[in-house]
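**Q** In case you want the letters, here they are:
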Amino acid sequence: DIQMTQSPASLSASLEEIVTITCQASQDIGNWLAWYQQKPGKSPQLLIYDATSLADGVPSRFSGSRSGTQYSLKISRLQVEDIGSYYCQQAHSNPLTFGSGTKLEIK
Amino acid sequence: QVTLKESGPGILQPSQALSLTCTFSGFSLSTYGMRVSWIRQPSGKGLEWLATIDWDDDKYYNPSLKSRLTVSKDTSNNQAFLKITSMDSADTATYYCAWSLGYFDYWGQGVMVTVSS
Chain A
1 DIQMTQSPAS LSASLEEIVT ITCQASQDIG NWLAWYQQKP GKSPQLLIYD
51 ATSLADGVPS RFSGSRSGTQ YSLKISRLQV EDIGSYYCQQ AHSNPLTFGS
101 GTKLEIK
Chain B
108 QVTLKESGPG ILQPSQALSL TCTFSGFSLS TYGMRVSWIR QPSGKGLEWL
158 ATIDWDDDKY YNPSLKSRLT VSKDTSNNQA FLKITSMDSA DTATYYCAWS
208 LGYFDYWGQG VMVTVSS
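So the sequence lines, in the order shown, correspond to chains A and B. Sequential numbering from 1 applies to the first sequence in the numbering used here. Sequential numbering from 108 applies to the second sequence in the numbering used here.
Take the hints with a grain of salt, since some may be wrong.
[Claimed, not checked] Derived Cβ-Cβ restraints for the label pairs, each shown as a range:
| no. | chain 1 | residue 1 | chain 2 | residue 2 | range |
| --- | --- | --- | --- | --- | --- |
| 1 | A | S93 | B | K190 | 41 to 49 angstroms |
| 2 | A | Q24 | B | K152 | 16 to 24 angstroms |
| 3 | B | N184 | A | Q70 | 39 to 47 angstroms |
| 4 | A | A9 | B | S171 | 17 to 25 angstroms |
| 5 | A | S14 | B | T192 | 47 to 55 angstroms |
Hints are computed from structural coordinates only; laboratory data are not their basis. All values derive from a computational prediction rather than experimental measurement. The beta-carbon is built from N, C-alpha and C at its ideal position, and this holds for glycine as well.
Model the full assembly from the supplied sequences, consistent with the hints where possible.
**A** The structure is reproduced here in structure tokens:
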């Protein structure tokens, strides 16, 4: 199974701050990576797919990048509505696996 | 507009089987490339992929649970189904179905399932 090591587990940041979350894949997954946002009490929503592509309706302050087997989600200017949990997910091979999640709070 | 909604028993006893239904609209599971997946999330914890069924009836299961899982579909009624046998307290979670093109593009609201005697 491909392991996705996500960090940090929790993060407290100020409004307008730049936030970065990372995921390290245990093997090469190419660009087969997605990021999801889960607001409190809600279902996850697709933010980024193919490592760098923004899903429909997602604000442009979100972006994804890749360096080898390390993937990053960046929020350029943190807003109140961005609080929640974030998960990476590899879609390279079964079993599909998720990172353990990052809980984002406002400082 | 794609929508999905899960339904199920809510609570069941240990060793019972769980049957979940995903009723969807906005796409057809008989259309090339369409998929419905099942994912679960214990309260306060992370996400675990369980199974996927394809438009052509190919099925994929998480090996950690494969012997207990069965996924199926009814394309005429726009429904997908998940059955899990031998439920245990460790299976207590919110269960989601999701529409997949390559990723989990749209999710249902989830159904909470509690296993308790």
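**Q** Now tell me, hint by hint, if it's right for this structure.
**A** Hint-by-hint comparison with the structure:
Distance hint for S93 (chain A) and K190 (chain B): a CB-CB separation of about 25 angstroms, inconsistent with the stated range 41 to 49 angstroms. The hinted range of 16 to 24 angstroms is satisfied by Q24 (chain A) and K152 (chain B), whose Cβ atoms lie roughly 20 angstroms apart. The hint said 39 to 47 angstroms for the Cβ distance between N184 (chain B) and Q70 (chain A), and at roughly 44 angstroms that hint holds. The beta-carbon spacing between A9 (chain A) and S171 (chain B), approximately 22 angstroms, falls within the hinted interval of 17 to 25 angstroms.
Between S14 (chain A) and T192 (chain B) the Cβ separation comes to about 49 angstroms, which falls inside the hinted range of 47 to 55 angstroms.
In summary, the one numbered hint that this structure violates is 1.
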